[in-house]
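J.: Protein sequence lines correspond, in order, to chains V and G.
Each residue of the first sequence is one higher than the last, beginning at 1 in my numbering.
Each residue of the second sequence is one higher than the last, beginning at 1 in my numbering.
The hints are simulated quantities; they were obtained by calculation from the structure and are not laboratory data.
We put the beta carbon where it would ideally sit given N, CA and C, even for glycine.
Some hints here could point you the wrong way.
Simulated coverage check for chain V against chain G, where a stretch passes if three residues somewhere in it have a Cβ under 8 Å from a Cβ of chain G [said to hold, decoys possible]: (1) 42-48; (2) 217-224; (3) 280-289; (4) 299-310; (5) 338-349.
DSS-like mimics (lysine-lysine), calculated; alpha carbons at most 30 Å apart, straight line [claimed, not checked]: (6) G:Lys235 - G:Lys222; (7) V:Lys258 - G:Lys222; (8) V:Lys105 - V:Lys95; (9) V:Lys75 - V:Lys29; (10) V:Lys32 - G:Lys222; (11) G:Lys192 - G:Lys222; (12) V:Lys29 - G:Lys222; (13) V:Lys258 - G:Lys235; (14) V:Lys34 - G:Lys7.
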Amino acid sequence: MALFKKKKADVSMEEAMYMETQAQLIWRKFKKHKLAMAGMIILIVLYVVGFFSEFFATQDIAKRSTTAISMAPTKIHFVDAEGNFSLQPFVYGLKQEEDPVTWRKYYVEDTTQKYPLRFFYHGDPYKLLGFIPGDIHFFGTPQPDVFFPFGTDLSGRDLYSRVLSALRISLTTGLVGVFFTFILGCLFGGISGFYGGIADTVIQRVIEFLMSMPSIPLWMALAAAFPTTWSSLQTYFAITIILSLIGWTSLARVVRGKLLELRNEDFVTAARVAGASDGYIITKHLLPSFSSYLIVNVTLAIPGMILSETSLSFLGIGLTPPIVSLGVLLQDAQSINTVSMYPWMMIPGLFVVIAVLAFNFVGDGLRDAADPYK
Amino acid sequence: MRKYILKRFIYMIVLLAVMSVFAFVVIQLPPGDYLTSYIASLQQQMGEVDESVVLNLRRQYGLDRPMWQQYFLWMRNMFQGDFGQSFQWRQPVKTLIATRMPMTIVLSVITLLFAYAVAVPTGIYSARHQYSVGDYVASILGFIGLATPSFFLALILMYYSNRYLGLSVGGFYSPEFQNAPWSFARLWDLCKHLPIPVIVIGLASMANVIRILRATLLDELKRPYVVAARARGLKENKMIYKYPVRVALNPIISSIGSILPSIVSGATVTAIVLDIPTVGSLLYNALLSQDMYLAGACVIMLTAITIVGTFISDILLVVVDPRIRLQ
């Protein structure tokens, strides 16, 4: 009560622990879980880099180079050909040579051209997030067509910049999709659990129906239903809505289960007697009491969305070029040719794996941290 | 128990019916139908197409009736065994699906069996030797299987098995056995081609099952009855398999109902990448060319596999768990 609130300075450490909120307790336990902390750091890095992808990239994602087609990742050197060590890393320029037997062209480092790499150099102009103009890039060299950390693709576009841009789209698709899933799941789970009866039975049947369907054929059918005239932003949102339309079921089940447990508790009866409306009881009292389960479920649903979006885009019925997502990038890596001759084109797949793993670790850590019985 | 089975059976029929409506609606969603693209290509070839030709075509394909009439016509034909005509392949849909259905079912079933056959022993081992090296290796493999998109894994496995093991990849059979009559050599060839799809599709489900089994078994092993059994001198192995594992298998069996849909989904994507002729890849091509009857039939077939599988898993659960029997 406010009358007896002690000032922070008056409280000793042991007492402070008793006054911690639920969030603080969960965070304290979460910090002990090393794998989850690593996952969270990775996720923060990925999201920041993806969000400001134009700043972290080395060049524009649509810029094609005619001199650097299907090139392997550029090697960064600290020691040059004469054996001099320099603290500032550099890359060599490239010469194109031809294999005398197969006549295949390949690139060789030209040790006469050295280009040092720096932080915060002025490079290609860009519009951060689409509307903030700028031209400072995080790391690289102002010389064009030289520095390709992840190599280039068949059209000579820098894969590193495209991967960063793709990260933004893929990762936010997961978040937006999960947002809709959260709303749908809470809505239907709430109605089902709180009111019970006929609404419960109907919604339960619908949930069972949706869960017993194979998702990818249905997504394919739904995604193929888009008119091709829609703008990329519209398809983007439509895809996320579709993903969440079939994905809300597990969250609804959790919400329903918890509500069934909790709706007979004393505090709910007390609130009702005091005159609170149903909506008020659900949002102000019930939902916060199992919010930890909600958060865990939502966190573990995001990687599923990312994987689904990647699969759909890879098949060509999700996001399509010119939007760049990790699935779209992997489309270029589809053939055996790529796997054997240009293996760096599969790096977007590596990022998918990393992102999904990180989310899984964080979700597992949150689940362990939120469990009051451990 | 008989009443329960009957109830689930009726429920399965209802689900299939609802699925068919859903499939039909979804197929009708794209604006225009096959005829619009067909007429467009006709116009390209022959110049202006007469209005009456268009009307005749529509009537012939039954596309001028209202939606619900088309649906019932479609359902009635399906029950008589006529699944319609595929516009794209110019063959009855029935033949197209019938050639691919057996292998689709076989692939899904083998993947399911493989996933469980590997996951159950691994999960039990992980739980009994918690925090050991084997446990960590299993967890890591499980996570990788969970996180890697199936097509990506398929590509990598395909390349490496071709390069380092010399296996011919892609499809169910090598070119020389494609149309050959059945023989042991052909069967062996099929077996050589199956591992990659099965591993790719099954890895994610395997990871899930290992996780569930490990967590449940860990909970069970702490119970007093386990301690009591050990104290009474029961051999460790026999005791573990007879009591805690049996309890831990319950959630596993009930999870078949949710794992089978994901296997069928994964099979679809993998089949497209590995160029395996299954119903899933047929669906993909049908959707791309808006081949309505084919796409609808494929969706129904795929969901039918899942629903029947779920039904079988419900029966299995009843058999294994006496608590449900007594309800």
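J.: So, for every hint listed, does it hold in this structure?
T.: Here's how the hints hold up against the structure:
Counting residues of the segment 42-48 of chain V whose beta carbon lies closer than 8 Å to any beta carbon of chain G gives 0, which falls short of the minimum of three for the stated coverage. Counting residues of the segment 217-224 of chain V whose C-beta sits closer than 8 Å to any C-beta of chain G gives 6, which meets the bar of three, so the coverage hint holds. Coverage of the segment 280-289 of chain V by chain G is violated [criterion: at least 3 residues with CB-CB distance below 8 Å; count 0]. Judged by the Cβ-Cβ criterion of 8 Å, the segment 299-310 of chain V is covered by chain G as claimed, because 3 of its residues qualify and three suffice.
Requiring three or more residues with a Cβ within less than 8 Å of a Cβ of chain G, the coverage given for the segment 338-349 of chain V holds, as 4 such residues are present. Distance check on the hinted pair: Lys235 of chain G and Lys222 of chain G sit about 17 Å apart at the alpha-carbon level, within 30 Å; holds. The straight-line distance between the Cα atoms of Lys258 of chain V and Lys222 of chain G is roughly 26 Å, inside the 30 Å bound, and the hint therefore holds. In summary, the hint linking Lys105 of chain V to Lys95 of chain V is supported, as the alpha carbons are separated by about 10 Å, within the 30 Å threshold.
This hinted pair does not check out: Lys75 of chain V and Lys29 of chain V have alpha carbons roughly 42 Å apart, beyond 30 Å. For a cut-off of 30 Å, the pair hint linking Lys32 of chain V to Lys222 of chain G stands: about 24 Å separates their Cα positions. For the hint pairing Lys192 of chain G with Lys222 of chain G, the CA-to-CA distance comes to about 43 Å; that exceeds 30 Å, so the pair is violated. Straight-line distance between C-alpha atoms of Lys29 of chain V and Lys222 of chain G comes to about 23 Å, which keeps the hinted pair within the 30 Å bound.
The straight-line distance between the Cα atoms of Lys258 of chain V and Lys235 of chain G is roughly 40 Å, outside the 30 Å bound, and the hint therefore fails. Taking the CA atoms of Lys34 of chain V and Lys7 of chain G, the gap is near 48 Å; set against the 30 Å cutoff, the hint is violated.
Hint violations for this structure: numbers 1, 3, 9, 11, 13 and 14, all remaining hints satisfied.
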